[in-house]
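Kindly generate the complete structure, drawing on both the sequences and the hints.
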Amino acid sequence: MDSQTDFYKSLTRNMMLLIALVSFTPLVLVSGILGYEFHTSYQEKVIAHLQELVQKQRQNIDVFLTEKLANIRVLAETFSYQQLQDELFLKRKLALFQENYGGAFVDLGLVDQNGIQMSYAGPFQLMKANYSQAQWFKEAMENPYFISDVFLGLRGLPHFIVAVQKESHGMKYILRSTIDFVAFNDLVENIHIGKTGLAFIVNQKGEFQTKPRLEAPMNKEFFQSLMTNVHKQFLAVGEAIVEVSDHQWRSYQSEGEVTIVRALDNAGVPFLYVMTPLKNGDWFLVYQQEERDAFADLYRARKIALTIILLGGLAIIFTSYVLSRRMVRHFAQAEREKEMMNEQVIEAGKLASVGELAAGIAHEINNPVAIMVEEAGWIEDLLDEEDLRESENLQEFQRALKQIKTQGVRCKEITHKLLSFARKTDPKLKMVSLNDLINEVVGLSEQSAKYSNVKIVKHLTPDIPVISVSPSEMQQVLLNLINNAIDAMDSKGGTLEITTRMEQDMVVIDVADTGQGIPKANLQKIFDPFYTTKPVGKGTGLGLSICYGIIKKMGGEITVNSAVGIGTTFHVMLPAPEEETVGEEDL
Amino acid sequence: MTVGEKFFKEPKRLLLVDDEKGYVAVLAKRMAKRNIQVTPAYSGSQAIQALRKQDFDAAVLDLKMEDMDGIEVLKIFQKMVPSMPVIMLTGHGSEKAAREGMEFGAFDYLTKPCDLEELIEKIRQACEVRR
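For the record, the sequence lines run as chains C and G.
The first sequence begins at 1 in our numbering and counts up one residue at a time.
The second sequence begins at 1001 in our numbering and counts up one residue at a time.
Keep in mind the hints are simulated off the structure, nothing from the lab.
All C-beta atoms, glycine included, are put in the ideal place defined by N, C-alpha and C.
Label-pair restraints from in silico Cβ distances:
hint : chain 1 : residue 1 : chain 2 : residue 2 : range
1    : C       : Glu-503   : G       : Lys-1021  : 57 to 63 Å
2    : G       : Lys-1096  : C       : Asp-436   : 24 to 30 Å
3    : G       : Ile-1048  : C       : Glu-413   : 34 to 40 Å
So, in structure tokens, the structure goes:
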């Protein structure tokens, strides 16, 4: 039994594993492959988008700067030094610029080769201001056009300068304009995606040229190394992994002049940096975004997919568990039923073969017994007429012959019963009223009951349904039970009660006697063929097994209750026909 | 009056058909004592041959024989000598065959092993009917 449960347990486990494996494998493979493909293509898409964005922004900024420079250049080319020296003229031009280009131009100034501002139009008092020591002035004097880095200047406010250098009568002069930092900042800041997207400009030293909307997570040195080492290397090789002061760089792509790198910040959070040079590499436009933010959709999709896989997995595990449990339970049940069926089949087969054997023996024995009896008769015949009549042993001869005949008759009875047991009965079914049948059989047995001093009492429920049985078989059963009951009460006599009643959908016949009862040890054997407690020669031990066979064949049950010294009750339960069937037949 | 004349005043001729030789032998002896001349036949074919040679007052026919089915023999008997009464012997539990025989015109049947007195009574009845 233990090995049986172990077997079912391992069967359950194996089935569960198999179901789970078969379900999981395609799920994991498909989601893995699709996930990888989606991840890669989505990443490429995001990066391409960022590149395009930054490229566009660079163009915007370039256009902005070249436009401002062009404006100043036009002014410088169109008008002479003398005209520009006129402060009123300058103011008019500034007003015109501001009107056309918004607040981008803060002021206009004409600076001579000594760095003295010769004329000025703007909100500050900068007439005659001396720029000779200013960095921008020195650089502007060496280039025809110049855009300065952002600096605080004389006013202590961040700004930068667009300057055009011209020459008049051998004297160099500079026309310069301050570009509104706020307007420029807004322009640069114009791109921001997600929560952490941030655009700013740094120069080659890593100094911020715009003021980022958020605190930039990296310091000057970081950006300097970004500019000098990484970008250059990317431009040269197209890909690089460089360790820069604890930050690991990895290129995604370096296409054209746009480089994308991934780096961890001080807190170890990965960031994406998209950068492109401005002003011939003096400045870099940098767009930074937290990687998680940049790929937010990807991560969200991945999270959803993982959730689905997880839930699916749980569902698979649950289903495989329940399914295999249920299947194994069915399997076990079927196995049990099969075993029971086998037992019944074996039992029935045993009974059938016993029957066949009995019938064979009965047939074979009949003839020799008949011959024996007749031969004894022949001797009797001879004794009648010969001179043996005078023999002193004549009486003994006659007694012996009579005994041979009696025993021959007994043999005959036994073979008859055996043949009844084995006989294939007439299976013709009829609708029979059990009560009528019982009355009939009791009538047959009354004589022997009276002889045995047995009183037969009937409790017949009047409205029990008619049932479909073979009347002769049913008669045999009842006769057997009644005769058994009468025999059980032998000489002392007693009461035999026959009851018919309904119990659920079964018609029940109880045959109860007040005989000596059957000991418990014998109870389970009483339906076995050839089992008898009657003295040798009184019973064949076939009566009850015949009854059992008949009742089983009718789809009924026969059971027995017995108490030693009190009596025995046999219960015959027969299935009553279903109500509907009766109704249909009535129609 | 001999012992046999107690049973039949005139000797009766009986055809006894049974493949159990010992049974036939003892029955023949006992019946001879009762004024019945038994012609034994141990098979269907022997019985038919015997019937060709002489007439019988009655026949006793075992339905279960090895060479021929008793019913078939009965049918032939009825064709050959329709007036001869036939008493069938059957095994217990094969009354169906006996009933079939009755339909084909047998006089009566007895289950084997049967009582000699019973058998002789049937033969008497059969002879009276024939007369």
